[in-house]
Amino acid sequence: MRMPFRLNLTLGLALVSMVILGAVFAPLLTAHDPILDADLMNSEMPPSWDHWFGTDSQGRDVFSRVLYGARVSLTIGIVAQAINSTIGIALGLSAGYWGGWWDDLVNGLTNLMLAIPSLVFALAIMAVLGPGVVSLLIALGLTNWSWSCRITRGAVMSLKSQGYVQAARTLGYGDIRIMLTQLLPNIVGPVLVMATLGIGEAVLAEAALSFLGLGIRPPAPSWGNMLTDAREAIRSVPWATIFPGLAVFVTVLGFNLLGDGVRDWLDPRMQVRA
Amino acid sequence: MSAATLPSPASEPILSVKDLHVRFPVAGGLLRQRRIVHAVNGVDLAVQPGQCVSLVGESGCGKSTTALAIMGLQAPSSGAIIVEGRPVYGPGAPDRLARARLAQIVFQDPFSTLNPRETIGRALSQPLMLHGVKDRCERVDRVATALRQVGLLPEHATRYPHEFSGGQRQRIGIARALILGPRLIVLDEPVSALDVSIRAQIINLLMDLQQDLGLSYLMISHDLGVVEHVSDRVAVMFAGQIVEEGGWREVFTAPAHPYTRRLIETIPNPARLTGGAQDILPPAPEPPSGTRFWPPIDQRPEIGRPPEPSTFVDIGDDHRVRVRVG
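In order, the protein sequences belong to chains W and Z. For the first sequence, position 188 (counting from the first letter as 1) is numbered 188 according to the UniProt record's numbering, and the numbering increases by one without interruption. For the second sequence, position 176 (counting from the first letter as 1) is numbered 176 according to the UniProt record's numbering, and the numbering increases by one without interruption.
All the given hints hold, so there is nothing to weed out.
Examples of chain Z residues lying across from chain W (beta carbon under 8 Å, computed):
1. 100
2. 104
3. 112
4. 114
5. 131
6. 176
No lab work stands behind these hints, which were simulated from the structure alone. Quick reminder that beta carbons are idealized off the backbone N, C-alpha and C, glycines included.
Please work from the sequences and hints to get the whole structure.
Shown next, in the form of structure tokens:
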């Protein structure tokens, strides 16, 4: 049953920690400043020993911009998904457990959110709030909770008739306590997978919004606006788009693998007692 | 169970259910009307202290709904449920903590009865904490005692449910029902999901616990073979109503209602199978003149129709059956 070597967990953890360590220790990993070291004489240089990922059209070091961009992308991805998950889990748990008019209301709201493309909704919010990190967090944190909510609600509805939930009620547990101690630990698997997928999605959405000029304001580096800057020269200067794109890919893949790995790891049935 | 545990008739019942009705609305689809399912139709029950009363019937007859209503998990449409002199619903009802200490339930399915993500120790000590046992040592002691009472070891507290067999899980379910020290335990098909070889062990455990702790049981079952061994009284339920009720000896030796007779005929009987004894049941008694046994078992009551009026008549010393006049 148990894999001797947890490939998902190990690889996911490796990729995610690589990105996180890169973001945290960016100043130690590169001597170049992502914004100020613009050297037009050295623009559009291919990768070299001095510039690992080459330089962009303004002569800035792509490697250092990718590292500093990771700070923005990770922060926004993780915080936005934390907001999404909290909203989704709270609504899904209570709607699934209580049912009735509250369930109808939450269900309607979820369907509404699913009917509106979340990126378009986020765009609208960004248009109102204007660019910036806080607006991004609000826009991305309030628009992508519907799947967490759906999955939580569905899982709770199938779990709430289980004997242990009924037993908890007869033992005098309150509703909130039942939701937090009996239901939540049993849906942590799908919810975690949703959350990690969601971090990936939020990283992508941030890149997309920044790409459209509504996210992080240049010259501050973010993977999205790096892609915007470099897209016109994608044939002649491919490294300026490949590396931020690769960073998005590695981050999203890493979080997805991590989610799968953590789900297996948390499942007590997958553990073998020594 | 034995003469020693039979209480005096004057004692106050630990559980009494009076004219309990539970009705569920069922959605009738787009064009059809919403209908009402009469799951429980005027059930009366009493459990005296130290007694085991069995409620038997086929699945869907309303016996589990009755159990859920007694536990406060299913609000009744009308009627009263009184546990240790206190109504479970309505004004004067105990709060959920007080109610938890009055009655507990053991569920049928040993696999869904325990939270897969909680250790056994946690599942047993959390309720204690909730009920104000603040001292950790006392909780550990009480968990160990409960585990020993059901034939497990205190070391088992650190394990997860998936490490136990079905029979062991059922023991844990019983320990959890005992942990708050209730005097009434509802057993909802406590052994029907278990291997036949395990059943007798669990039944013996339940009987020992009843003796040692002075418990009263309401046992819900569809298996008269199990009921026969443990019950003081039997109530047979059919289509939401109790159709026959009495001391187990009266009901088992002289079943009157056709439904009861059919149930008893399903008990495996080696003598009959080998052709040794042709008929273990005495001939069916006639209902009192001018009445017939009710409801008839060959026609199913329709969903959405309230039951027709019927009444109980005494047909023996401690034996009643449902009939309809006319």
